[in-house]
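Q: Below, each chain spelled out in residue letters.
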Amino acid sequence: MEIGLTHYLIISAILFSLGLYGIITRKHAIMVLMGLELVLNATNINFIAFARYGGMNIEGHIAAIFVIILAAAEAAIALAIVLNIYQNFRHVNVDEVDNLKG
Amino acid sequence: MTQDVVLPLSILILLIPLLSFLINIFFGNKLGRLSGVVGTTILGIDLGLAIVVAFTKLTSYGTLHIIQNRVEWFNLGSVKVLVGIGIDNIAAIMLIVVTLISFLVHLFSTVYMEGDRRYPKFYAYLGLFTFSMLGIVIANNFLLMYIFWELVGISSYLLIGFWYEKNSASNAGKKAFITNRIGDLGFFIGIMILFFTYGSFMFEDVFAGISSGVMPFNNPTMLTIAGICIFMGAMGKSAQFPLHVWLPDAMEGPTPVSALIHAATMVAAGVYLVAKVFAMFTADALTFIAVIGTITAFISATIALTQVDFKKVLAYSTVSQLGFMVMSLGVGGYTNGFFHLVTHAWFKAALFLAAGSVIHAMHHAAHHMHDHHTDAQDINNMGGLKKTMPWTYRTFLFVTLALSGIPLTSGFLSKDGILAGTLAYANLTGGWHWIIPVLAFTAAGMTAFYMFRLTIVAFHGEHKTEIAKHTKENKLPIVLPLVVLAFMSLWIFYSPNPIDASKGWFHKMIVQPKSAVPDAYQWSFLLNEHAEEDATVAHQAEGSTTHLEATTGKPDDVKAAGHTTGHYLNKFQEESHHFHYIAMILSLLIAGSGIALAFMIYQYKLISADKLEARFKFLHTFSLNKWYFDELYQATAINGILVVSKALSWFDNYVVDGLVNLSSYVTRGFSYVVGLFDNYVIDGAVNLTATFTGFLGAKLRKVQTGHIQSYVVFVLLGILILLYFFI
Amino acid sequence: MDLITIAFYFFGALTIVFGAVVVFTKNIMHAAFSLLFTFFGIAGLYVLLSADFLAITQIMIYIGGILVLIIFGVMLTTRITGVEVKSGKIGKVQLAVAGLLTVLIAATLIMIFTTSNWYTADSVPLNSTVNEIGTALLTNYLLAFEAASMLLLIAIVGAAFIARKKH
Amino acid sequence: MIDISHITVDLVKSISLFKPETTLIATFLLAMILDMAFKKSKNIAGYIAIAGLLITAIFLFEQTGANYKAFSSLLVVDSFGQFMKFIVLMSSLIIIVFSFFSDELHNAHTKLGEYYTLIIGMTFGMFLLVGSSNLIMIYVAIETMSISSYVLAGYTKEVKRASEASLKYVIFGAVSSGIMIYGISILFGLTGSLNLFEINQFLVANKVATIPLLLSGLMILSGFGYKISAVPFHFWTPDVYEGAPVTITAYLSVASKAAGFAVLLRFFKTGLLDSIPGTSEAWQLLGSIDWHYVIAVLAVLTMTLGNLVAVWQTNMKRLLAYSSIAHAGYLLMAVSVMNDNGVSAVLIYFFFYMLMNLGAFFVVQLVANKLNSEEVEDYNGLGYRSPVLGVCMTVFLISLTGLPPTSGFIGKLYVFSAVINSGYLWLAVIGVLNSVVSLYYYVKIIRNMYLRDVESTKSKLVFSPVTIAIVLLLAVPTLLFGVYFTPIIEWANYSMNIFVGN
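Chains as they are written, first to last, in this note's numbering: chain A, 1 to 102; chain B, 1 to 727; chain C, 1 to 167; chain D, 1 to 502.
Calculated from the structure, these hints are not laboratory results.
C-beta: ideal position from N, C-alpha, C; glycine also.
Check the hints yourself; a few may be wrong.
Said to hold, decoys possible - Below, in silico cross-link-like pairs of lysine-lysine (DSS-like), each with a Cα-Cα straight-line distance of 25 Å or less:
| no. | chain 1 | residue 1 | chain 2 | residue 2 |
| --- | --- | --- | --- | --- |
| 1 | B | Lys121 | D | Lys207 |
| 2 | D | Lys111 | D | Lys69 |
| 3 | D | Lys444 | B | Lys702 |
| 4 | D | Lys111 | D | Lys160 |
What the hints assert, rightly or not - Just a sample of chain A residues kept apart from chain C, beta carbon distances all over 12 Å, derived:
| no. | residue |
| --- | --- |
| 5 | Asn44 |
| 6 | Ala78 |
| 7 | Lys101 |
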């Protein structure tokens, strides 16, 4: 079977789900962030695959670039906040940061 | 005085009490004791103006349906929203009722509230309340009416909860407010249905729309539903079953407030509303209204029989009388319903003020004797007040006669009219409708009984406590309003003939409006094709014989098709007239036996209390079985509460408490079942709703675990569920 | 099987296997390095999709930038030699629910992806995408480009503020 | 070489319409630099921010009547956007003024340079979001405002709950926007374009599969939904609102919500509106998905959850958080009718909501300054300890409940009338039932202020005349617009047309 759009989409779907799984099961804040990176990469696979099979549509590439840029910015902010959590709580386990609830 | 002046003057009447509110709220602390004087004076001026306006309207323009204006307020989409004020005959009369009673209450309170540390605030709230109430009276559209309707709710909340240090008072205020909101919910929906069907909030536009045959959602049933929704607002304000629970609790407010709110104004607002929009009710809606009114009148009369708190008796009696008014409107007795509203306002205000006078005297006496345990409102602690408080007694006795419906009083005229109306209605409609006059007469009899029970126990006989012995008659500002109000309860103000009001000015002025509902959906006996012209003719040339053919609607309802209606507006009025004397004799007999029974039991002690108890058990059992209340109550309410509470009991204190209370109350005996029904089923239903929403809220709250990852899980789940839900 | 197919399965497997390691491993450093291989696999897929510029960007920014940032984060918040470096355990029930949810999501997505019609067009052969991307960024997407620069500036200001010890 | 002359022409026109945003960028840079230069002055950045915002307002005002697709259709400049930008601008201004009086912020930091700078950055992000008509632009704009708000929520970084709030916010926000961009990629796959106008044309001309369209729509909604706190994307709201500094909580509850609603409406109208059979009155949506129903369901969930849970809250900020969720539900109700009346109702409601909600939060802030507490219990007797504050708070709360004669009533009136006008009577009934529930918790606060534990027991609270004046500046319009609201209605009716291209 020739490799087509669907193949890439399936990889993207699996990667997306794996990323979500990481986000909802990892305790360590940074591992949660890694899960997030997987989600964003899955998105990028989608964009590039759709661009390739949609007539070499450059818009998909642009979108992917912006996703990468924003992922970097988001990672920077998120890591800074995680560091701050570490200062205040002396750990970075997201499920133990639960004073605000109800 | 020309027509043009009426409306500006009305606005002035509306705004003057607001002035009193503003002065007392901002300068109250500086004024101190003076704030009462200021408030009373301002209301006196307002009363003067109201009298001028009302007399101008009734004498110079009595035949003119309404003096009103229409002003564009704002645009809603493409629709211009019009508002305005209008004075028709019922509004003119209401202006006097509201301002006079408010004035007397202001006067009364100068002594009664003496020494209260929030004295100026009390006057401020009274001003605000009067303002809002007058707003309801002069509104000629749903929008303004609804706004003032809510304002009345808020200001009554402030007044009922005035002594908020008492937990019960602040809870009573809240209960009144929330119960009223339930009614208002229906009111609001009704208004919205009408607005989006007819594109206007103005009464006349809505009526015109209805009579042109346009139906909400193209469905005549929706018109009935809209009518019932509007009526729900009245059910809340006028304490109709099953929303009547707030009124007895509201007795926690200062007694003058009870006189103002619970006798003459706020509770009358509902009846007033029904009268204002009478033209839009279909036959089915009217039947609903009549049934609700009857149930209210009967149930609360039965409850009033057993109360021992002076004010509670009056409270249930008020609910019962409001039931009478609503019932009268529901059966088509428009004039008599409104008539009873007016007459009742005077004598019920007098009763409450007399109660205030008694309680005030009891408090003073207790204070002097350093007794802080005896309940100053329990009638079993009174007795013999006739000797110590002669003026209060005299006025109280007279207005009790009025409430019981004894000739030479205004109460007789109006109640007699209502009862005749129910007979006429039952005769015209037949079938189960006969239950209405039966219950009405029974309730009337009970009214006479419980009022005399109250009079005899509290005023006659020996002093039952030392406190009662040491009571003294109050000062003039308390006694004067009593005398004025008692005086107003004489028959002569309404009709020269003490046993028939239909020739009096009141019946000439207050004419049933022509129904806007298409004939097919209205009782044929209420159709008065040439209502306005006919009324005019009747007014200008008395005794003229304009003969009208009876209109034909539902054929089987018209038993005497082809009859001429004479000078009567419609078949109903003619029939009422036929029943007038029967009703009079019947009601006199029933009231008389009620009074006689009261005397036998409480004055001469010919019948023991035990026998009485047994008797009541029988009566209640009978009435309950008749309505299947018992079964309904067992099957739905108790079992429902049990099932739900079992499920929730691990979690919920309210229901656990409710269960404990419930089981203890069930054992108390059957004679209190009606009271029980009132307090625990209806309250319980309200509580249950509150508990249920609270329960849901608490459950939903658990979802907010504080764990960010579970939030993400919920988001993902949410998206999945939504996806599969909408596919 | 031609070369393209083999390459696809290789990079696909690389991506998914190491992606799985990232989210299943207990050791955070293992996770970080698995992430590297995942990114690398994705870059390979980009090459197969003739997105050369993206492949380079992926390697430069993700592997050179974001991953390094993450590893710094790990080092700053955990003692490498201590036991703390392991990510803690989560209850079995939660794991089962999470697993079920993930499988459900994956199944839904794959079902939708395999059964839908997508926008397709005949592709224009391109030597390099760099030219196209450059032009697009400075014409049609100029504003987004400038806004992104503003965003990065905001991110720097914010991150520097939050991460620094004392004000 | 590519011919770029047509792009240059567009660019020149676009830049002239981009003046407000340009001013914001300049303000951002200026505030940052001058804050470093003037080390002594505590609020210098704040003053610059105010000045910058005022200039922005002038430029924004100049755009009245403009209808233009700027920057190759990345951005739309229209009167709808102008209204929403004014809402954002006014709340930014008000929040900066609030911040001058925040003990919480001033105790934590000697200088607030980054704080004001980031507020300007966030305003910039929201301006972009309000005007965006390209999915990538929407994503960039959402991230711009989000990144600023993550930092602002945790601005008092030594406070535990603030840092917790910002952690939760950043994780939740990142996941939501991650899901959104995945949804965007699917939409891109379906239509081959990222531009809303082109997507619209594609959808008009072609039939696309329903299920992926629905999926991508829901995923994109998760990005918008988290901005406007719609259930089930609301989970961050209570925690972040409670943890963040009061000023930021107030800001998030109004400004970012406004931007979220703006982009939500624009997404539907520009992207999914079938412009062929008459555009104005009732919108004809493309595709076989009943978006009315989807949004209506979200609205019901949102307001019901918000109100039911609010009943249990004891912390004012948390209570107002749930109340703001409930208000998002009312607004979604107006969105769900998807016609111009609905848009106009959203605009009207938002204007009044801004006044009353910011007012309520400012009172919370002032009380917290004095009492160091945000518990509802500590409001006991407030009406006697500070009469003016008590009366104003009562006005705000009554207005939030939606009772006459306050502006909140007018807002609700327009929302309900838009809903009923479109025949969704059941939705209106649920809405009204919800406002009955909301009465309970709002009245609880009023009762605490007036009817509990009063007078002599506690000392008077004295607030500076300036703060009282600010409260009054919000309370008086809240009341005044309840009676005379025609200008707002007219402004909203003028602004209700969302530009959909030619």
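Q: All the hints need checking, so say for each whether the structure fits it.
A: Here's how the hints hold up against the structure:
Only pairs whose Cα atoms come within 25 Å are accepted, and B:Lys121 paired with D:Lys207 is rejected, the gap being roughly 69 Å. Pair hint D:Lys111 plus D:Lys69 does not hold up; C-alpha atoms about 41 Å apart against a cutoff of 25 Å. Of the supplied pair hints, the one linking D:Lys444 and B:Lys702 holds, its CA atoms being roughly 22 Å apart against a limit of 25 Å. Taking the CA atoms of D:Lys111 and D:Lys160, the gap is near 20 Å; set against the 25 Å cutoff, the hint holds.
For A:Asn44, the shortest C-beta to C-beta distance to chain C comes to about 7 Å, within the 12 Å cut-off, and the non-interface label is violated. Consistency note on A:Ala78: stated as away from chain C, yet its beta-carbon is not over 12 Å from all of that chain's, at 9 Å minimum. Here A:Lys101 stays apart from chain C, with its beta-carbon at least about 17 Å from theirs, past the 12 Å limit.
Checked against the numbered hints above, the structure breaks hints 1, 2, 5 and 6 and satisfies the rest.
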